[in-house]
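Chemist: Let chain P serve as the given structure and place chain G on it in line with the hints.
For the record, the sequence lines run as chains P and G. So for the first sequence, the working numbering puts the first residue at 325; every next one is plus one. So for the second sequence, the working numbering puts the first residue at 325; every next one is plus one.
Take a look, some chain P residues computed to stay more than 10 Å from chain G by CB distance: (1) Leu346; (2) Leu354; (3) Ala371; (4) Arg395; (5) Ser406; (6) Glu458; (7) Ala602; (8) Arg620; (9) Tyr635; (10) Ser669; (11) Ile694.
To give an idea of the chain P side of the interface with chain G (calculated C-beta under 8 Å), a few residues: (12) Leu449; (13) Ser479; (14) Ile482; (15) Gly483; (16) Tyr486; (17) Ser487; (18) Arg491; (19) Ala493; (20) Ile496; (21) Thr497; (22) Ser499; (23) Asp509; (24) Ser510; (25) Thr511; (26) Asn512; (27) Val513.
Read the hints as simulated data drawn from the structure, not as lab findings. Computed from a predicted model, the values in this text were never measured in an experiment. C-beta atoms are modelled at their ideal positions from N, C-alpha and C, and glycine is treated no differently.
There are 2 protein chains.
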Amino acid sequence: MEERVEVGPWAAEAFVDYERLLKVFGAKPLTDLEVGKLERLAGESNAMLRRRVFYSHRDLDVYLNMYEAGRRCALYTGRGPSGYTHLGHILPWVFTKWLQDRLGLELFFQMTDDEKFLHEERLDLPESNRFAYENSLDLVALGFDPRKTHIIIDSEDIGYLYSIAVRVAKKITYSTQRATFGFTDSTNVGLVFYPVLQIAVCFLPTELYGEETYVLIPAGIDQDPYWRIARDVAQSLNYPKPSQIHNKLLPGLGPGGKMSSSKPETAVYTTDPPDVAAQKIMKAFTGGQPTVELHRKLGGNPDRCSVFKMYEMLFEEDDVKLSERYWNCRTGSLLCGECKAELASRVWKFLRDFQEKREREKDRLDRYLIRSKFGEPKMRR
Amino acid sequence: MEERVEVGPWAAEAFVDYERLLKVFGAKPLTDLEVGKLERLAGESNAMLRRRVFYSHRDLDVYLNMYEAGRRCALYTGRGPSGYTHLGHILPWVFTKWLQDRLGLELFFQMTDDEKFLHEERLDLPESNRFAYENSLDLVALGFDPRKTHIIIDSEDIGYLYSIAVRVAKKITYSTQRATFGFTDSTNVGLVFYPVLQIAVCFLPTELYGEETYVLIPAGIDQDPYWRIARDVAQSLNYPKPSQIHNKLLPGLGPGGKMSSSKPETAVYTTDPPDVAAQKIMKAFTGGQPTVELHRKLGGNPDRCSVFKMYEMLFEEDDVKLSERYWNCRTGSLLCGECKAELASRVWKFLRDFQEKREREKDRLDRYLIRSKFGEPKMRR
Numbered sequence: 325m326e327e328r329v330e331v332g333p334w335a336a337e338a339f340v341d342y343e344r345l346l347k348v349f350g351a352k353p354l355t356d357l358e359v360g361k362l363e364r365l366a367g368e369s370n371a372m373l374r375r376r377v378f379y380s381h382r383d384l385d386v387y388l389n390m391y392e393a394g395r396r397c398a399l400y401t402g403r404g405p406s407g408y409t410h411l412g413h414i415l416p417w418v419f420t421k422w423l424q425d426r427l428g429l430e431l432f433f434q435m436t437d438d439e440k441f442l443h444e445e446r447l448d449l450p451e452s453n454r455f456a457y458e459n460s461l462d463l464v465a466l467g468f469d470p471r472k473t474h475i476i477i478d479s480e481d482i483g484y485l486y487s488i489a490v491r492v493a494k495k496i497t498y499s500t501q502r503a504t505f506g507f508t509d510s511t512n513v514g515l516v517f518y519p520v521l522q523i524a525v526c527f528l529p530t531e532l533y534g535e536e537t538y539v540l541i542p543a544g545i546d547q548d549p550y551w552r553i554a555r556d557v558a559q560s561l562n563y564p565k566p567s568q569i570h571n572k573l574l575p576g577l578g579p580g581g582k583m584s585s586s587k588p589e590t591a592v593y594t595t596d597p598p599d600v601a602a603q604k605i606m607k608a609f610t611g612g613q614p615t616v617e618l619h620r621k622l623g624g625n626p627d628r629c630s631v632f633k634m635y636e637m638l639f640e641e642d643d644v645k646l647s648e649r650y651w652n653c654r655t656g657s658l659l660c661g662e663c664k665a666e667l668a669s670r671v672w673k674f675l676r677d678f679q680e681k682r683e684r685e686k687d688r689l690d691r692y693l694i695r696s697k698f699g700e701p702k703m704r705r
Numbered sequence: 325m326e327e328r329v330e331v332g333p334w335a336a337e338a339f340v341d342y343e344r345l346l347k348v349f350g351a352k353p354l355t356d357l358e359v360g361k362l363e364r365l366a367g368e369s370n371a372m373l374r375r376r377v378f379y380s381h382r383d384l385d386v387y388l389n390m391y392e393a394g395r396r397c398a399l400y401t402g403r404g405p406s407g408y409t410h411l412g413h414i415l416p417w418v419f420t421k422w423l424q425d426r427l428g429l430e431l432f433f434q435m436t437d438d439e440k441f442l443h444e445e446r447l448d449l450p451e452s453n454r455f456a457y458e459n460s461l462d463l464v465a466l467g468f469d470p471r472k473t474h475i476i477i478d479s480e481d482i483g484y485l486y487s488i489a490v491r492v493a494k495k496i497t498y499s500t501q502r503a504t505f506g507f508t509d510s511t512n513v514g515l516v517f518y519p520v521l522q523i524a525v526c527f528l529p530t531e532l533y534g535e536e537t538y539v540l541i542p543a544g545i546d547q548d549p550y551w552r553i554a555r556d557v558a559q560s561l562n563y564p565k566p567s568q569i570h571n572k573l574l575p576g577l578g579p580g581g582k583m584s585s586s587k588p589e590t591a592v593y594t595t596d597p598p599d600v601a602a603q604k605i606m607k608a609f610t611g612g613q614p615t616v617e618l619h620r621k622l623g624g625n626p627d628r629c630s631v632f633k634m635y636e637m638l639f640e641e642d643d644v645k646l647s648e649r650y651w652n653c654r655t656g657s658l659l660c661g662e663c664k665a666e667l668a669s670r671v672w673k674f675l676r677d678f679q680e681k682r683e684r685e686k687d688r689l690d691r692y693l694i695r696s697k698f699g700e701p702k703m704r705r
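Pulled out of the complex, with its shape left as it was, chain P reads as follows (with noise of 0.2 Å):
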């Protein structure tokens, strides 16, 4: 019998068991191997793959030699725009900017308003396209590389993909597509088209740059089943096989499940003005004891506190106090409302920063647009 796993695209939830989804999924766990080659050609160390949030990968060996040989590379990755971003959506691309920094990559970043309208009965096209543009300002708050970084809207950019993407729709059959997504009669045919056209970036770069283009996706685990897609056509095809590097979830700030939009309460938003954004952080659920007594005395469960995981996955950078943080807790000498404010205080000024700089390039978003920078694709063949 085949093993049914609740993540995919269209159904994520956090604290989840990596490792069985690894065996499911067939990735290879990211060992020390991959993580010093990757920092070595990197110049530094980064706390990401140090703690494994991103902790698994296809091929990342693959093309890091590649990179290594001096073959032209690139990142890939992207955004499914029904709302607004929040701390969860902008984990992997913090590390994407991080790689593109320090190994000089060209980012290809696709926004699939498509999907997210054909997906969302109560989303319009419009909308999706509004959001778009909207999330598109957090990878400018961001500090992407505007030289270095093309946006890929969907509705409106689909004239470098469709030539691939029918290439790509060619050699996969409706019975795949719905053993993959788990589709049903009832999907509209537009979701069940969808699938190829976020593969067919992955071989995007090759065509614009006319020639073979390695492509590494730092992205979530829920991802993956379009890239298991990718790669089994993509040799037929004569494209390179994309890698991945596969990030945890960032979960969210109530009892279980990852930061999703569905539970707006348990989300921090880069558009959360930063006061309500600590407020909603002084609420969350955490590790902790009962009772500040029985906390003292037992000491809290940070493996399982939202709290810990937001220092972990984003806001400590610091091994050694992130590790006296977590002992502190697990002893019952730090105090969950202590750990709150200062994380809270983190965060407030976090977005500070980042509102600062999402407001100031609002009007330079055309910069980072792929339609403003290249033709479309002369397919080779």
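Modeler: Chain G alone, transformed into the frame defined by chain P:
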């Protein structure tokens, strides 16, 4: 039990029972009422209408009323460019040109190079794309007005269609598409999506002109499944339902079936050297008797004769002469050799003139391409 009819976009025969088709597809037979009104608006009579080569319709009456009331109207037809054009393809185009000339209408013409690539194992995309341009020359040679004729080549002009297509796609489930087009689990996902692109063109004029535009589609009955879906979704997307007028399919020169590229020896291509075309006609299967003696005695059967159909549908404008030919065959006074020689001579002259024009305009195709005239549609909603 559902009644199965072997006519659909990917399986069409000629000499079919057109009455039965009407019943199954639910289109209306064309009556003197619509023909009279159309000819009155056009200011002249038309042999294809009189002879019911165009024989059925949906909402042609509505379309003509809108036209008469001064509402914006347009024409839409197309071609799947998997090879060279034959006379069976251009039959509806000849009528479409008459509509354009007499009613002053703009025509949107879709070249579905994506569909043909997705459908035919042997074809690659550059090849079907090349045929899209190759076949476009046949429109030029027929004399369509370049200011009023807008060719859409799917793989290159997808930007005009995609935003409309996803809005159509959201309304159509996989099971509807499967039931309409006979898809199976092994159908590739490109073909599953493709119909919404053919449907999208029905609504493109409304977006391009920024006002409600009534669209009439002259095309073979085999394309009807697309328009049934288009009509089902039109109103919920706030577009006028497209009207259709259906033509019968030109028979091939062999003993049965429509003129088809799968039997090239029974098809007259616009690119055939005139001598070759004449030879094909001289070898045509006719409704004549096995020997001259029997023919003189029993007479022929023009109703089952591919040569007579060529006269009736394309090469004899004059009703009196056509009727003479019919009865001279029936009574045995006209022999097949003579009848074929006369047709061969007409086709020879037609092709010589056509090919001259085709050659002359080869470098002026740009004037017909939608992308050389329109920006992308500003979606109204």
